[in-house]
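Below are the chains, spelled out letter by letter.
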Amino acid sequence: MKPPPLIEARGLRKHFQRPRRFLAPAAPPLRAVDGVDLHIDAGETLGLVGESGCGKSTTGRLLLRLIEPTAGTLLHHGQDITRLGTSQMRQKRRAMQIIFQDPYGSLNPRMRVDELIGEPLVVHRVGDAAQRAARVRQLLDLVRLPANAVERYPHEFSGGQRQRIGIARALALEPEFVVADEAVSALDVSVQAQVINLMRELQRELKLTYLFISHNLAVVRNISDRVAVMYLGRVVEVAPADVLFAAPRHPYTRALLDALPGDHPSQRRAHVAVRGDLAQSSGSDAGCRFAVRCPHAQPRCLAAPPPLSAVDGRHQVACIRVADGSLPPSPHHAPDTT
Amino acid sequence: MNAPAPEPLLRLRGLDTGIGPRGPLILYGVDLDLAPGEVLGVVGESGSGKSMLALSLMGLLPQPVAVRAGQAWWGERDLFTLRPAQRRALRGGEMAMIFQEPMSSLNPVMRVSQQLGEVLRWHRGLQGAPARAESLRLLERVEMPDPPRQLDSYPHELSGGMRQRVMIAMALAGRPRLLVADEPTTALDVTIQAQILELLRRIQRDEGMAVLLITHDLGVIAQMCDRVAVMYAGRIVEHGSALDLFDRPTHPYTQGLLASRPRLSAGAGWLTTIEGTVPAVGQLPPGCAFAPRCAQAGDDCAQVPALAPCGPGHWAACVAPQRPRPAQGPHR
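For the protein sequence lines, the chains are A and B, in the order given.
Those letters in the first sequence? Residues 1 to 338, by the numbering used here.
Those letters in the second sequence? Residues 1 to 332, by the numbering used here.
These aren't lab readings, by the way, just hints derived from the structure by calculation.
What you were told as hints is all true, and nothing was included just to trick you.
Here are the computed lysine to any residue pairs in the SDA-like style, where the Cα-Cα straight-line distance is at most 25 angstroms: (1) A:Lys207 with B:Thr272; (2) A:Lys207 with B:Thr273; (3) A:Lys207 with A:Glu8; (4) A:Lys92 with A:Ala42; (5) A:Lys207 with B:Gly267; (6) A:Lys207 with B:Ala268; (7) A:Lys207 with A:Pro5; (8) A:Lys2 with A:Gln79; (9) A:Lys92 with A:Gly78; (10) A:Lys2 with A:Ser309; (11) A:Lys92 with A:Gly60; (12) A:Lys2 with A:Asp242.
Going by beta-carbon spacing under 7 angstroms, a handful of chain A positions derived as facing chain B: (13) Asp188; (14) Asn197; (15) Pro261.
Just so it is clear, CB atoms sit at the ideal spot from N, CA and C, and this is done for glycine as well.
Start from the sequences and build out the full structure, keeping to the hints where you can.
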């Protein structure tokens with residue numbers, strides 16, 4: 001029998017209460033994450049893409065229970081962890097870690113590298129001082145930083161090296177699941193490639209499972225086994241990476257891929273596929289949230305939120321027009337693989 | 001016979017920009033020609049000096065950074081010897097600039113109409129109803145949704161894409177012949193980036209305006225540029241047409257940059273990397289600054305290589321392509 005996924009979210013919601021203006025009626029809550037179903041199998045990388053404000057970072061934090069969901073269930077190896085108490089959750093959290101985008105902002109500038117990497121070990125009371133020091137050296141080696149880095153401070157390192165420190169810190173407690181939230185987005189191209197390669201090597205050596213959150217579709221394509229696309233708090237499409245990029249079905253995914261500049265001057269885009277921006281879509285909570293920008297929308301799209309339904313094996317799409325077959329796959333999306 | 005090349009709009013020669021009068025240099029002897037109506041991309045990683053190049057041209061360098069040597073010929077005039085008042089008259093008029101983060105370049109307590117009106121009054125002498133009419137026309141030109149309403153908005157009421165449209169409208173208000181765009185879409189989402197790039201390209205064509213596009217993103221270069229200059233550690237290391245650069249990259253740094261970007265058409269797989277990091281300002285290695293990271297480095301890299309032709313309209317600052325090829329011995 002297939003083991004349960006390492007992590008699974010069912011109907012996950014996070015609504016933020018907006019501040020109330022003086023004498024004004026209470027504003028409706030901001031639905032940052034609005035009914036997300038996702039699972040991540042052990043050892044795979046799920047890429048989570050979408051534009052700013054789509055709720056991808058909030059989803060990552062919800063999966064780690066760094067913030068509490070408004071509704072929904074969270075399963076870890078099939079066990080419901082939605083209502084675990086603080087001390088039990090603390091134990092679980094050793095197995096679930098996060099790497100942030102900004103290696104400048106997420107490392108305390110007054111702590112030395114050995115303190116930074118060793119801090120999770122201290123917090124979770126792992127080993128004695130000598131064992132912890134040995135583990136820190138091991139971790140530095142793992143992320144390809146020199147052993148003499150221990151007595152230096154974050155500002156003495158380049159952006160790429162700082163991100164390696166962040167990775168070592170996240171790996172200190174031997175987690176099985178790591179959320180990488182825009183982990184390479186702040187890095188220059190040449191350094192970005194180094195860190196992506198490192199993350200892939202670590203995944204293989206340590207059997208890690210990744211949720212790789214990024215707005216950069218080319219990076220996500222490179223590192224992910226499967227990809228989920230979010231739009232305004234909902235997952236609109238999930239598929240194996242090759243399938244999603246070769247044959248995207250949801251109109252938003254298609255628009256996103258169409259909007260990317262090509263890899264070569266001969267692949268210039270002649271037209272813009274989608275107009276408007278996220279701000280113009282917030283009014284349509286009842287139905288499909290992309291409908292107001294969607295070139296294929298029909299009145300019925302506004303009636304009810306489209307469910308995420310399978311179109312083909314592991315390929316799921318939340319679009320009623322794809323589901324009923326009235327929106328065929330677009331042919332021009334098989335990118336050349338020369 | 002070929003038609004004579006058009007007189008360049010801008011001829012930059014030997015630009016040295018540095019920190020204070022004696023501090024380390026940021027730009028070393030940069031030469032650049034820009035033809036009227038041309039889109040020239042300047043690509044490089046952080047610390048390459050590409051933004052400082054733009055700010056040197058615009059006369060907007062942050063203290064204590066200053067131009068230390070070189071000429072920037074704008075017609076018959078050298079921009080670097082103009083008096084501040086003459087420079088101000090050009091800036092926002094014939095030469096305009098847009099930035100990565102429009103929020104920090106717009107005044108947060110002024111309505112869009114006031115900010116556009118300021119440029120129109122300063123550079124075109126328009127006021128009152130004609131200024132308002134021209135502001136509306138400009139917002140329509142940059143495809144702003146609902147222009148009359150946005151004219152009375154404050155910057156914080158606009159989305160990032162709409163703010164960048166306001167910036168472009170302000171740049172267009174002075175009828176520029178050169179638009180310097182420093183990472184104009186880096187802070188925007190991809191669907192908005194596509195809209196703004198398309199808008200810039202269309203306006204550039206319609207107005208015959210030259211664009212100097214500064215970016216770290218080779219995708220944006222591929223989408224937009226006629227010619228490209230690649231910068232590394234304060235120098236232009238390769239310079240050619242966009243096609244030359246993508247099809248025949250000659251400098252090892254350009255080759256590395258192209259190879260290390262994840263590509264949509266490539267799928268999964270290990271990425272080629274350039275080992276090491278960009279050297280910091282004032283800590284350049286002697287000789288070719290890229291040599292310590294370069295797989296093709298040799299003893300002949302101890303001197304800083306000059307840009308040398310490696311094809312028609314294509315230059316690279318590297319000795320490797322000029323080395324004699326090793327004799328082809330029999331392989332075992």
